[in-house]
Structure formats: structure tokens, C-alpha cells
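Enquirer: Modelling step: build the complete structure from the supplied sequences, incorporating the hints.
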Amino acid sequence: MTLNADEAARFAALLEENQDALVSAWTDRVTTSLRGRLSHAELQRQTSELRRGFQQALAGTAQGISDAAAAELRAQLSELSASRARQGFSATETAVSVFAFKEAVLATLDSSGRNDATTLRDYVAFSSFVDDAALFTFDSYVRVREELIADQAEQLLELSTPVVKLWEGVVAVPLVGTLDSARAQVVMERLLQTLVDTGSPYAIIDITGVPAVDTQVAQHILKTVVAARLMGADCIISGIRPQIAQTIVALGIEFGDIATKASLADALRYVLAQTGKKGR
Amino acid sequence: MNDQGERVEVTSDRDVVRVRQLVRTAAVAVKLSLVDQTKLVTAASELARNTLVYGGGGWVEVAPVDSGRRKGIRIVFADQGPGIADLDLALTDGYTTGGGLGLGLSGARRLVDEFDIATAVGEGTTITVTKWCR
Numbered sequence: 001m002t003l004n005a006d007e008a009a010r011f012a013a014l015l016e017e018n019q020d021a022l023v024s025a026w027t028d029r030v031t032t033s034l035r036g037r038l039s040h041a042e043l044q045r046q047t048s049e050l051r052r053g054f055q056q057a058l059a060g061t062a063q064g065i066s067d068a069a070a071a072e073l074r075a076q077l078s079e080l081s082a083s084r085a086r087q088g089f090s091a092t093e094t095a096v097s098v099f100a101f102k103e104a105v106l107a108t109l110d111s112s113g114r115n116d117a118t119t120l121r122d123y124v125a126f127s128s129f130v131d132d133a134a135l136f137t138f139d140s141y142v143r144v145r146e147e148l149i150a151d152q153a154e155q156l157l158e159l160s161t162p163v164v165k166l167w168e169g170v171v172a173v174p175l176v177g178t179l180d181s182a183r184a185q186v187v188m189e190r191l192l193q194t195l196v197d198t199g200s201p202y203a204i205i206d207i208t209g210v211p212a213v214d215t216q217v218a219q220h221i222l223k224t225v226v227a228a229r230l231m232g233a234d235c236i237i238s239g240i241r242p243q244i245a246q247t248i249v250a251l252g253i254e255f256g257d258i259a260t261k262a263s264l265a266d267a268l269r270y271v272l273a274q275t276g277k278k279g280r
Numbered sequence: 001m002n003d004q005g006e007r008v009e010v011t012s013d014r015d016v017v018r019v020r021q022l023v024r025t026a027a028v029a030v031k032l033s034l035v036d037q038t039k040l041v042t043a044a045s046e047l048a049r050n051t052l053v054y055g056g057g058g059w060v061e062v063a064p065v066d067s068g069r070r071k072g073i074r075i076v077f078a079d080q081g082p083g084i085a086d087l088d089l090a091l092t093d094g095y096t097t098g099g100g101l102g103l104g105l106s107g108a109r110r111l112v113d114e115f116d117i118a119t120a121v122g123e124g125t126t127i128t129v130t131k132w133c134r
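Sequence lines, in order, name chains A and B. Residues in the first sequence are numbered from 1 upward in steps of one, following full-length UniProt numbering. Residues in the second sequence are numbered from 1 upward in steps of one, following full-length UniProt numbering.
Calculated directly from the structure, the hints in this document are not laboratory data. Beta carbons: idealized from backbone N, C-alpha and C, even for Gly. You may find that some hints are simply not true.
[Claimed, not checked] Chain A regions said to be covered by chain B (calculated; three or more residues, Cβ under 8 Å): (1) 175 to 181; (2) 227 to 240; (3) 249 to 255.
[Stated by the list, open to error] Which chain A residues stay away from chain B? Per the calculated CB distances, all over 10 Å, these: (4) E17; (5) S24; (6) E42; (7) G64; (8) P211.
[To be verified] Footprint (simulated), chain A over chain B, 3 or more residues, beta carbon under 8 Å: (9) 25 to 37; (10) 44 to 58; (11) 107 to 120.
Expert: This is the structure we're talking about:
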């Protein structure tokens with residue numbers, strides 16, 4: 001059921017005449033549903049802007065949320081859902097902010113004593129307009145959240161692969177989490193670059209934080225070790241826990257002549273012994 | 001006994017991670033030892049990746065099983081891919097057609113207690129593995 005031009009105009013007038021009562025009733029309802037997590041003044045500002053948005057859309061005889069006349073309203077709703085999504089409100093809490101408008105309008109109709117059949121028909125049409133607006137808000141909320149998640153995933157990729165200098169001539173890569181192809185690539189690039197930058201002859205790859213070492217992870221590690229060797233650096237793999245060791249044996253993965261140690265401390269001790277032997 | 005079975009569609013690398021997490025949660029729930037958990041998760045990772053890379057995607061179902069005597073986890077990996085022409089060759093250590101280490105299928109078989117593979121050229125592959133609590 002869409003709003004026809006007459007209905008839209010009638011509601012535009014209603015929203016204009018009763019703006020103060022509407023904004024106050026709407027703000028009260030939203031404040032209750034958000035349980036005081038946003039200040040009353042802030043919500044008052046938001047609802048009064050949204051009321052103006054709705055009023056202008058209806059005055060421009062918008063029959064649905066996707067009409068050109070409702071473009072500004074759409075922008076307002078997108079902004080609202082984006083700010084709610086960033087502040088950590090749930091999708092329901094965000095959509096309720098829009099739905100509460102219907103209750104406020106209903107209360108206004110009641111208090112002005114307009115309860116005939118025409119008003120009811122008008123209200124149902126108006127109600128479906130608000131529903132569409134709320135759905136639109138919901139959609140933009142989801143979109144914003146997805147963007148946030150994608151951003152975080154990217155940040156995580158950057159964050160989770162530091163290369164640290166452990167000792168003079170020794171760098172270490174503490175791997176944490178799942179090592180997929182994308183991360184393995186980042187790790188390899190970082191490690192090789194750090195080897196060049198610091199002129200380190202030793203690199204320790206610590207896999208204490210890797211929950212499972214399957215053939216793909218092993219292959220990524222092996223490739224990194226081979227690449228480091230080509231650059232003249234020796235690699236030691238540390239942090240091999242008992243369950244990982246047994247799994248690697250059962251899988252049949254061979255680390256060949258690559259030195260492996262149970263802990264990072266063992267690996268560092270091994271490297272220092274090696275450098276001591278060479279009498280650097 | 002598949003009352004609590006959970007199914008995951010495998011269509012991307014991310015789904016392989018989801019399979020791994022699902023298997024780990026299930027393995028912890030039936031109290032597999034830490035070593036067996038790690039073995040099962042690793043086997044699931046290998047087989048799920050095979051489903052994705054060689055089978056062109058499919059689904060994985062993880063379910064707890066109870067033989068009456070002991071508990072365990074059963075995982076089914078199914079795809080509608082090209083199937084495996086020479087199973088013995090595919091199960092040989094070091095044989096690969098995809099540039100990997102060639103240990104995924106054969107290694108996964110060594111990591112679980114029961115390993116059953118049904119495949120036909122052009123009809124896809126279904127692998128069922130079970131790991132029992134010791």
C-alpha cells in the first residue's frame with residue numbers, strides 16, 4: 001500500500017502542525033529503547049532532523065522511500081544508521097529509532113481526536129512508508145557493519161604479522177592465528193625486507209600461536225625459509241608444541257635440515273651458540 | 001546419531017577456516033585429547049581444502065557419534081567435482097596435481113581412526129572420517 005499524493009500532503013501538514021509534540025514523543029520513545037546510551041539532547045536533535053526529513057519528503061509528495069523527493073530523507077537515514085553502527089548499537093535498536101515515529105504519530109492523531117476511517121486508511125499508508133524507511137535504515141546499517149568488518153580484517157592482517165628484532169643479528173616472526181595464503185605472503189615479504197634492512201643473518205619463525213599446522217601452512221613456512229636462505233639468512237622454526245609435532249609426523253611433513261625448537265628461548269639460545277662458535 | 005550434525009558449505013578459503021573452528025568446537029565438546037583435537041582439526045583442514053581446490057567446492061558435515069562404548073566425531077566431506085581417477089596414486093605420499101606437498105589426502109588418512117572414500121570419475125568425491133576418544 002503506497003501513499004497517494006493527497007495522503008502525503010495531509011501527513012506533511014500534520015507533521016508540520018504538531019512538530020513539537022511529535023519530536024518530544026518520538027525522542028522519549030527512542031530514549032527508552034536505547035536505555036540512556038545516548039543523551040536526550042542528542043536524540044532530540046536527531047529526531048527533529050528526521051521529522052523535518054519526513055515532512056519534506058511528504059510535502060514533495062514522495063510515495064515511497066525510493067522516490068526522488070525522499071532523497072534527502074534517505075541521506076539522513078543512512079547517516080543515522082552509520083553513526084549507530086559505529087557506536088555499537090544493534091540493528092534492532094537502530095531500526096526501532098525509526099519505527100518509534102509511527103507510535104508518536106499515532107499518539108498525535110489520538111490526542112487531536114482524529115479517529116475516523118479516513119484517518120485510519122491514511123495512517124496505514126503512512127505506516128508502510130515508515131516501514132520502508134526503517135528497512136532502508138536496516139540495509140544501510142548492515143552495509144556499514146560489513147564495511148567495518150572488512151576494514152578490521154585488513155587491519156588484522158597488518159597487525160598480526162610483526163617482525164621483531166630479538167638480538168643483534170636475529171629477527172623473529174611470531175605467527176599468531178591462521179596462516180592462509182594472503183597472510184603467508186605478507187609474512188614472507190616483511191621478513192625478507194627486515195632481513196635486508198637489518199642485515200640479520202638469522203631469522204626465527206615462531207609458530208606457538210598457530211593452532212594447527214596443515215600441509216598448506218607447512219608449505220608456506222618452508223617457502224619462506226627457502227626464500228630467506230636464498231638471501232643468505234638461516235631460519236629456525238620455534239614454538240613446536242607436542243600436539244603439533246605429532247600431527248606433523250602423522251601428516252608426513254619433512255622439515256629437512258631446518259632447525260626446529262620447542263620454544264623461542266631455545267631457538268635464541270641455539271642462534272647465540274651458533275654465532276659464538278663462529279667467533280663473530 | 002546425526003542429530004546435532006552441522007553442515008557448512010565450502011566455497012572459499014574462509015569456509016575452510018570455519019570448518020576448522022567448527023571441528024575444534026565439536027572435538028572439545030566430546031572431550032578429545034589435545035593431540036587428537038589437533039590431529040582431527042588438521043585432517044579436516046586438509047580435506048576441506050581438497051573439497052574446495054580439487055572438488056570445486058562442496059559441503060562439510062560435522063557430527064558427534066556414539067558407539068555406545070565410546071564417543072567421537074564424524075566428518076563428511078562431499079563435492080560434485082571431477083572425482084579421483086586413480087585412488088591408489090592419489091593416496092601416495094608426495095603425489096599432487098595441484099602444486100601442494102602431496103600429503104593432504106594420505107596424511108589426513110593417518111590422522112584419523114576411520115577413513116572412507118567414495119569416488120567416481122565425473123561424479124564427485126565423498127570422504128567420511130571418524131576420530132574416537134581414547
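Enquirer: Work down the list of hints and note, for each, if the structure agrees.
Expert: Results for each hint:
no.: 1; hint: 175 to 181; verdict: holds (count 3)
no.: 2; hint: 227 to 240; verdict: violated (count 0)
no.: 3; hint: 249 to 255; verdict: holds (count 4)
no.: 4; hint: E17; verdict: 53 Å, holds
no.: 5; hint: S24; verdict: 47 Å, holds
no.: 6; hint: E42; verdict: 38 Å, holds
no.: 7; hint: G64; verdict: 35 Å, holds
no.: 8; hint: P211; verdict: 7 Å, violated
no.: 9; hint: 25 to 37; verdict: holds (count 3)
no.: 10; hint: 44 to 58; verdict: holds (count 3)
no.: 11; hint: 107 to 120; verdict: holds (count 4)
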